[in-house]
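S.K.: Chains as they are written, first to last, in my numbering: chain L, 2 to 340; chain G, 2 to 340; chain Z, 2 to 340; chain P, 2 to 340.
Careful: at least some of the hints might be erroneous.
Same chains, same label: a pair holds when it works inside one copy or across any pair of copies.
Think about it this way: if two alpha-carbon atoms lie no more than 25 Å apart in a straight line, the pair counts; the simulated PhoX-like pairs of lysine-lysine are [claimed, not checked]:
{"no.": "1", "residue 1": "333", "residue 2": "197"}
{"no.": "2", "residue 1": "19", "residue 2": "307"}
{"no.": "3", "residue 1": "323", "residue 2": "333"}
{"no.": "4", "residue 1": "201", "residue 2": "68"}
{"no.": "5", "residue 1": "246", "residue 2": "120"}
{"no.": "6", "residue 1": "323", "residue 2": "19"}
{"no.": "7", "residue 1": "333", "residue 2": "246"}
{"no.": "8", "residue 1": "120", "residue 2": "150"}
No wet-lab data here; the hints were simulated from the structure.
The primary structure of each chain is shown beneath.
Protein chains: 4
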Amino acid sequence: MLIVMHHHATDEQIQAVKNTVEAMGLRAEPIPGSMRTAIGVLDNQGYVEDSTIRELPGVREVIHVSKPYKLVSRDFHPQATIVDVGGVRIGDGEAAVVIGGPCSIETEEQMHAAARQVKAAGGQILRGGAFKPRTGPHSFQGLGVAGLKILRDAGQAAGLPVVTEVMRIEQLDVICEHADMLQIGARNMQNFDLLKEVGKLDHPVLLKRGMSATIEEFLAAAEYILAEGNNRVVLCERGIRTFEKATRNTLDLSVVPLIRTMSHLPIIVDPSHATGKRPLVPVMARAALVAGAHGLMVEMHPEPEKALCDGAQSLDPEGFGKLMKDLGRIEKFLAELDN
Amino acid sequence: MLIVMHHHATDEQIQAVKNTVEAMGLRAEPIPGSMRTAIGVLDNQGYVEDSTIRELPGVREVIHVSKPYKLVSRDFHPQATIVDVGGVRIGDGEAAVVIGGPCSIETEEQMHAAARQVKAAGGQILRGGAFKPRTGPHSFQGLGVAGLKILRDAGQAAGLPVVTEVMRIEQLDVICEHADMLQIGARNMQNFDLLKEVGKLDHPVLLKRGMSATIEEFLAAAEYILAEGNNRVVLCERGIRTFEKATRNTLDLSVVPLIRTMSHLPIIVDPSHATGKRPLVPVMARAALVAGAHGLMVEMHPEPEKALCDGAQSLDPEGFGKLMKDLGRIEKFLAELDN
Amino acid sequence: MLIVMHHHATDEQIQAVKNTVEAMGLRAEPIPGSMRTAIGVLDNQGYVEDSTIRELPGVREVIHVSKPYKLVSRDFHPQATIVDVGGVRIGDGEAAVVIGGPCSIETEEQMHAAARQVKAAGGQILRGGAFKPRTGPHSFQGLGVAGLKILRDAGQAAGLPVVTEVMRIEQLDVICEHADMLQIGARNMQNFDLLKEVGKLDHPVLLKRGMSATIEEFLAAAEYILAEGNNRVVLCERGIRTFEKATRNTLDLSVVPLIRTMSHLPIIVDPSHATGKRPLVPVMARAALVAGAHGLMVEMHPEPEKALCDGAQSLDPEGFGKLMKDLGRIEKFLAELDN
Amino acid sequence: MLIVMHHHATDEQIQAVKNTVEAMGLRAEPIPGSMRTAIGVLDNQGYVEDSTIRELPGVREVIHVSKPYKLVSRDFHPQATIVDVGGVRIGDGEAAVVIGGPCSIETEEQMHAAARQVKAAGGQILRGGAFKPRTGPHSFQGLGVAGLKILRDAGQAAGLPVVTEVMRIEQLDVICEHADMLQIGARNMQNFDLLKEVGKLDHPVLLKRGMSATIEEFLAAAEYILAEGNNRVVLCERGIRTFEKATRNTLDLSVVPLIRTMSHLPIIVDPSHATGKRPLVPVMARAALVAGAHGLMVEMHPEPEKALCDGAQSLDPEGFGKLMKDLGRIEKFLAELDN
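Can you build the whole structure from these sequences, using the hints too?
M.R.: This is the structure:
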């Protein structure tokens, strides 16, 4: 941590800051400059709460060097983490994994069809929402537990592990019983109690980036899960909120290579929620793979025009099949390219 | 809802859209223009799911006129709602209410001192966090239930109702037992299950705007609570996330007069979290009152320099006292001004 | 400047960074920590170009302490600047100044009426655009030089100095001839050549904040003008671009007290462009004054419903007159409050 | 255009809106709904100024369907535009074009070396800035006209057309004399007078997206150039400003496929300014190509560690050479993939 003093800070003020830092059990190292003095803070083992310092007289700014996470950092854990989801491996050195399926679980027919189509196209994990986070209470909220059973049966029939979103702690038992992976949605990325609880489980977790979460906050959210003992976390970039409204969100693809250097956790991309527009999904899915994503989450519906939710961003089976073929060829090409 | 067709959309495509809308039980009214055709959708009772329409051939854009909320809207409920918190009334026509106190409950001494100081200065409600949402898991997480007891005792001793944040559903019982008002924090504004549960209670709720929530989403979140039967909701603007980092958040004060016309619910402002800087708090608190806020939430700590959390944005008792005096005079002045 | 090294940076890498800094004529002071080393850079007289350093092996981050401006900073120039515009004084200790008038100069009748109404209500400066920056080329672009003459005549007839926007360097001569103050619009805040040219003049300048300009960039833009010798600059907050679309922009009112401490230049607020909605203008104008603005820029049109531009955010003469009365009372009240 | 009335709007208010629209020479078509009435506006030939309507009593909202551009739209001009820059063709069906070179022109040696290296690696156009837009006035501002001569000579010696940024209208003559393509930087995207002047020339123009420009504003800026007669415009996505600060900007790659459907103009990507970090440039360059970019603008410096500007985001000759090889292979692969 670096404490920057005001231009006109007095020696007494500088000494007072030094004393405060030392009272916290840390070391303070003044660095006098030509225009102002800065004070380096040393010996801290992690993020230092700065509020007691920021308000001291003469202090202009406090600059943090340490981050609010450590377990998820590649700096401290250089080896890549591979997350196994019902036999499907996600992470460095593994083939890119595609999670496909509809936004919402609607009927048995729909999910069984979706599962068969995902499997036939080469998808490895089936998705489907039983509990849906909707902006307003008057929209379809999902089938709940009945939906979970449909999802599990459809996955088993097709031979695919399944992932579904969890929205409240009381649902964890029943969801763990029916699903192979737990999804934490963007709106719950900082639902810290939910993070702590999934951290106590042994289930793999798909953690979506919050709509306006910085990379630092995203990794700190994952840190909550790892801190409780569960390191089976897959990160998912799904677009951030910006001023641009021509797409549903703004897909922040640079985050993929960046997080690959910052963290050992796998990172996948959801081009469906990021763009909100079906014609953009395949092209951004390709780009995500090229940017280094360990996998993709793609919305696919047997009949998108009848979807109860997010139909406009869902591929149909034909589009999904075409995309899967393309992704396979792209991956093979990338392996050659980097050889 | 308005469906805008492409420039080159064919008559068949226009007819197909019309048929789809009518199959949803709604009325479709084509409006041919010189450059393109638009189709008005009528007879809907609320927000219409547009995914089945957006993907039809020839459709360029779907524009919503209805909103994902209705119960919170002043359009449908013109009379202002007054929320009573332990005898303190918040809303149109009432004196502005100041909620004061520390970010976190730390010790008995601290909370009792804070309560006395808030009361002495003229504050009406005491705040204090027992369960704290922190970016990373390695920061102080709050005293939990032990903190709740301290808060309640401090409030009772000083004669102040108390408000505290709830982060998980299982905490609702114990928090309701100890607190007069439940706070839903910015990070949980779209924790819809939590919203539904507090909607089933009779306790007043302080709902903070999410960091990147639009006004529409903010009101739709409140709709979740009202839809379950609890209309004792106070909205709170606490700054939004923007590119500007000189302040902790960007205080969006225009939201105050805007929400006053859009909704019948009271709206208060939290200048402490919005600015993150103590010297800005009093001036923005004054401005908020002038903008029409029904109240304020202000962080105050008996000894900010020793605060475990948010010390840099907390007023000290003297600063709080000065602010309260100023607010009283401002309110009196505003009453004269608008007479 | 502080250079933060990677956790695993070698002694050789640290030494290489030290050497590079010293080769730039600066002093390097390593600060070894328990987890990583940081290197303080001293003796720089201003902002240091960091690109040669950021790419050295082992460097994780470069943190700047110096700012890209100095002349505008209160740190180096504590005394407040008062800007005189045709006898009207703007700045600390002066009465708040209201600049009123229409978005565009349309006709002689309109401008003379506007000027009389602004004057009658107590406004001190007349505004009106002769050259208009419009999003698309097919919208009304302003009357040009003919408009300037109308503006000057209207101002003279009413006894008001006038301000108008300059969009290109070749217009400077003719605008200086007709106007008392030059406005640099938000879209040109980083049109650095234009800034340099107005910096060579003796005319006062109204510099509007760019739509997505940080405070640092805003002050650095003003620095361009002062660096050329013209320190008669008034800053103007007019809302920033965020995800929220319920208002035209998001009025960032916290910037007012913040800039008052950071810079000696006066700062005024434009609630018309910030909100884009007439009913919000008076209330946000009041709030701006309470937040410490040295003045306001308010759009007023004799007949807003016939305005060629921005009618929806313009007050009518009656609304403007009411606002002026309120502002006068608020100012008097504020003077008492802070006594 | 659609005018949405308030829930309680009276018949008189609806009639008054209808009258106003008709007075503008347009047709008004009321669409009564179950909850409120909307009024469709027809027969307009383009964007309608809405300020006279928005403020009428009973009007809740005005929704635009027309856009502030037409000439750039693929809706009205389906055939793709190919822009020829000194014999290099950019656009649909052409090989992706790479513009390489340093941020700033520094010396003859540097530019000649850069030109040779760009050429040797297979780059088609040379870039280099003679006039530099810098945040503050105390940073290096470029070599000016002396730099232009160096750039032209280096380009000629290597057999490469050259592009350089223009910042003021008076520079146009001398820049046209020395450069094959004019660049309008992000900060000048809405410098409308500059756009109009380059629109009167016959030189090709590289128009960079403004830092917070929507796609609509970006295309409307291009419309300014086309409206004056110059349709040789290449668009360039270079990242937008968001809350995320881990990268210099947020690369909005979805804009590439989106603009390809919205406009007939070519679109290229600048991964150097978008990310601001050298290690991210090659991977995002690859992703941009896969997303459909017609070309790339990549910063390359013979010795990045000595660059006067943007060294940290510049590739060295080796990295640039490697990238060019990869891009060639990617393009060949994409051609096969889509066959």
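S.K.: Decide, hint by hint, whether the structure agrees.
M.R.: Taking the hints in turn, this is what the structure says about them:
1. 333 - 197: neither (38 Å within a copy, 48 Å between copies)
2. 19 - 307: between (66 Å within a copy, 16 Å between copies)
3. 323 - 333: both (16 Å within a copy, 19 Å between copies)
4. 201 - 68: Only inside one copy: residue 201 and residue 68 sit 23 Å apart there, 39 Å across copies, limit 25 Å.
5. 246 - 120: Classified as neither: same-chain Cα gap 34 Å, cross-chain 39 Å, threshold 25 Å.
6. 323 - 19: Neither: 64 Å inside a chain and 31 Å across chains, both beyond 25 Å.
7. 333 - 246: neither (35 Å within a copy, 34 Å between copies)
8. 120 - 150: within (19 Å within a copy, 55 Å between copies)
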